[in-house]
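Chain by chain, the residues run as shown.
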Amino acid sequence: MSTAAGMERLQFTFRGGRRVGAFAPVLVGVVGSGNLEVLVEPGETASCTVDIETSARGFGQIWEAVLRDFHERHPLAGVRLSINDMGATPAVVGLRLDQAVSSLEQPRP
Amino acid sequence: MDWKNLADALFPDSHSIEVHGDMLCGTGVVEGRTIAVLGTTHHAAIGVGLALNQARIVLDTIKQHPGRPILLLIDTQGQQLRRRDELLGINRAMAHLGCCIDLARRRGHRVIGLVYDQALSGGFITSGLIADACYALPEAEIRVMGIPAMARVTKLSEERLAALSRSSPVFAPGVDNYVVMGGIRALWTGDLAQALGDALVTAPTVDERAADGAARGGRRCAAPIIERVLDAA
Amino acid sequence: MNPSYAECSARERIARLFDPGSFHEWLPPEQRATSPHLAQLGVPCAFDDGVAVGRALLDERNVFVAAQEGEFMGGGVGEVHGAKLTGLLRRAVRDRPSAVVLLAESGGVRLHEANAGLIGVSEVMRAVLDARAAGIPVLVLIGGANGCFGGMGIVARCADTVVMSDIGRLGMSGPEVIEASYGVEEFDARDRALVWRTTGGKHRFLSGDCDVLVEDDVAAFRMAAIECLDRRCPLSLEVLEAEHVLLGERLHAAPAGADAVAFWHQLGIVRAEQVSDLDAAGLRELRASTALSR
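Chains as they are written, first to last, in my numbering: chain Y, 1134 to 1242; chain W, 3 to 235; chain Z, 142 to 435.
It cannot be assumed that every hint is accurate.
What the hints assert, rightly or not - Some chain Z residues near chain Y, calculated using beta-carbon distances under 7 Å:
1. C149
2. S150
3. P177
4. A180
5. P185
6. E212
7. Y323
8. G324
9. E327
What the hints assert, rightly or not - Beta-carbon label-pair distances, calculated as ranges:
10. D4/W with R235/Z: 22 to 32 Å
11. A1155/Y with S145/Z: 42 to 52 Å
12. H45/W with E317/Z: 17 to 27 Å
13. G162/Z with H45/W: 27 to 37 Å
14. R108/W with R235/Z: 17 to 27 Å
15. L419/Z with A164/W: 31 to 41 Å
None of these hints come from the bench; they were simulated from the model.
Heads up, the beta-carbon is just placed ideally off N, CA and C, and yes, glycines get one too.
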């Protein structure tokens, strides 16, 4: 779905997986050219929901594939991932998602 | 408006405003009260020298005429875009001018800015925007940057920027936008001497521009964000 | 291993520079205080609009902190970003921390928010001067690859103390804008050595436009910030008169042209040609031997 003049908003939901205990929100990455930020928060449902706002339109299927792979590596439940993306490659997206999970498991002080 | 006509309209009783290169300075009388006047004309490019010359006048006013109001007349194309000025620290010279104006305010001098032709970015931040309040003539324009340079930096096309300058308050250079956003307190029309006299009485001494922007609807987020930072646990 | 300050993100700088675990953020990303203007231009938002603000401990002293993320929109100040800085500075006047430490990395006004950014920067400038007048020291640290330019370059020089590394740059107009206006003969933006001689930390340190020069190292910035915590320079007529004399003399004494090496020679720097090869300690020795040493 396109929003005004150029941003694309995507949403994905993944079911199954293990619940993560309560945690403080975690942010990884920076919104810059070829980069993205990922905010991980406790979710309101039992699923893993992913909300993406991206300036690189038309890559819905690639996002779906990357996120599906990610959810197989880290089957989290009850979390909400929110992404602001400025054209990151699938490799960078995967990296940031993995970094986000690492931060959950070992929260920085 | 030509600065001479402006000066005559602002000070019908008397004034001694002169031009030295691109700089205006002198005094004017409003309701029997002497006002220090300084500013620029010819769409001045503000280099190190011009910033310092203006700062000198502000400092002299603080020293020799405690409490005398100061009127800044603004017509500038912004900072001088020369390597020499960068080398010599144009940002520091501009900060110095701004600090002098700010000191004058804290020492009880009412400082009023008036954009009478154009104002760009750096040349404006350190003059009109550091005054107690800044006003403008209706036909004046305020810009952050010229469209060609802006296109290069933002990677938005010139056509897109030109269209935005017509349609979006955030981009449009008309001073009425700046009023709605809170950056300009009001436009002066009709009797300019009266407008100046009123401003000297009514200009705020604390920064109300975020509140103005929210109340007028042109800049709705700034004031609530400031409050949220103040109130955050 | 000492992390490069330039290569750290804003949040990494905060985490490493202040006492471990002491940073408490106001308006954190999950509150989504984002720009109302970027989506219409097809530009993604950042959850923190490119600046993290809050309080922290620095050597166990309470400080307020802001760190601009240079990778997001070049660190440009938009409506929300500016309001976060202004709110932080106004809160400092109310709550009276030991200092406000601003990790600045910014091109100035965020052009995508044009008018809103310009007014916002101006509100930050007023708020810095209010904090200074209230006796709260404002320290600006400049060490990011984007430098500190435009309206933020003015704001930096409104603070009590400026700390830079050689990677940092401080000025008003970037070299590209100058080259675009007056041509490559005026300023070749691709000549990196020229760019850094003109606005980089070493030049600013020798000319007196920055107070402390450190290596590109978070620990060095931390130490410098601690040392400058009590460096309070309230503005008075006397202080501004002295500044005026200094800037006037510098302008009149400066050799014609825009050559940094000639300028340094005139300052009394004996080995001006070697400046680019020296480290921060070497530069400190050079500056101490000139009229600038206090």
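message: Quick check on S150/Z please, does its C-beta sit within 7 Å of some C-beta on chain Y?
response: holds (5 Å)
Status of the E327/Z interface restraint (C-beta, 7 Å, chain Y): violated (28 Å)
query: So does D4/W sit 22 to 32 Å from R235/Z, Cβ to Cβ?
result: Violated: the Cβ-Cβ distance is about 46 Å, outside 22 to 32 Å.
Hinted contact P185/Z with chain Y - closest CB pair below 7 Å: holds (4 Å)
message: Within 27 to 37 Å: is that where the Cβ-Cβ distance between G162/Z and H45/W falls?
response: With Cβ atoms ~53 Å apart, the hint is violated.
- prompt: For the pair A1155/Y and S145/Z, does the Cβ-Cβ distance stay inside 42 to 52 Å?
  reply: The hint (42 to 52 Å, Cβ to Cβ) is violated, given that A1155/Y and S145/Z are roughly 35 Å apart.
message: Less than 7 Å between beta-carbons is the criterion; does A180/Z satisfy it with respect to chain Y?
response: OK, holds: A180/Z within 7 Å of chain Y, min 5 Å.
query: Under the criterion of a CB-CB separation shorter than 7 Å, is G324/Z in contact with chain Y as hinted?
result: With a minimum Cβ separation of about 28 Å from chain Y (threshold 7 Å), the hint on G324/Z is violated.
- request: Starting from the hint 31 to 41 Å, judge whether the C-beta atoms of L419/Z and A164/W obey it.
  value: Hint violated: Cβ distance 48 Å, outside 31 to 41 Å.
field: Given hint Y323/Z near chain Y, where the shortest CB pair must fall under 7 Å
entry: violated (28 Å)
query: Is the shortest C-beta separation between P177/Z and chain Y less than 7 Å?
result: Nearest chain Y Cβ about 12 Å off; hint violated.
message: Tell me if the interface restraint on E212/Z is satisfied: Cβ within less than 7 Å of some Cβ in chain Y.
response: holds (4 Å)
Consistency with the previously given hints fails for numbers 1, 3, 7, 8, 9, 10, 11, 13 and 15, ordered from lowest to highest.
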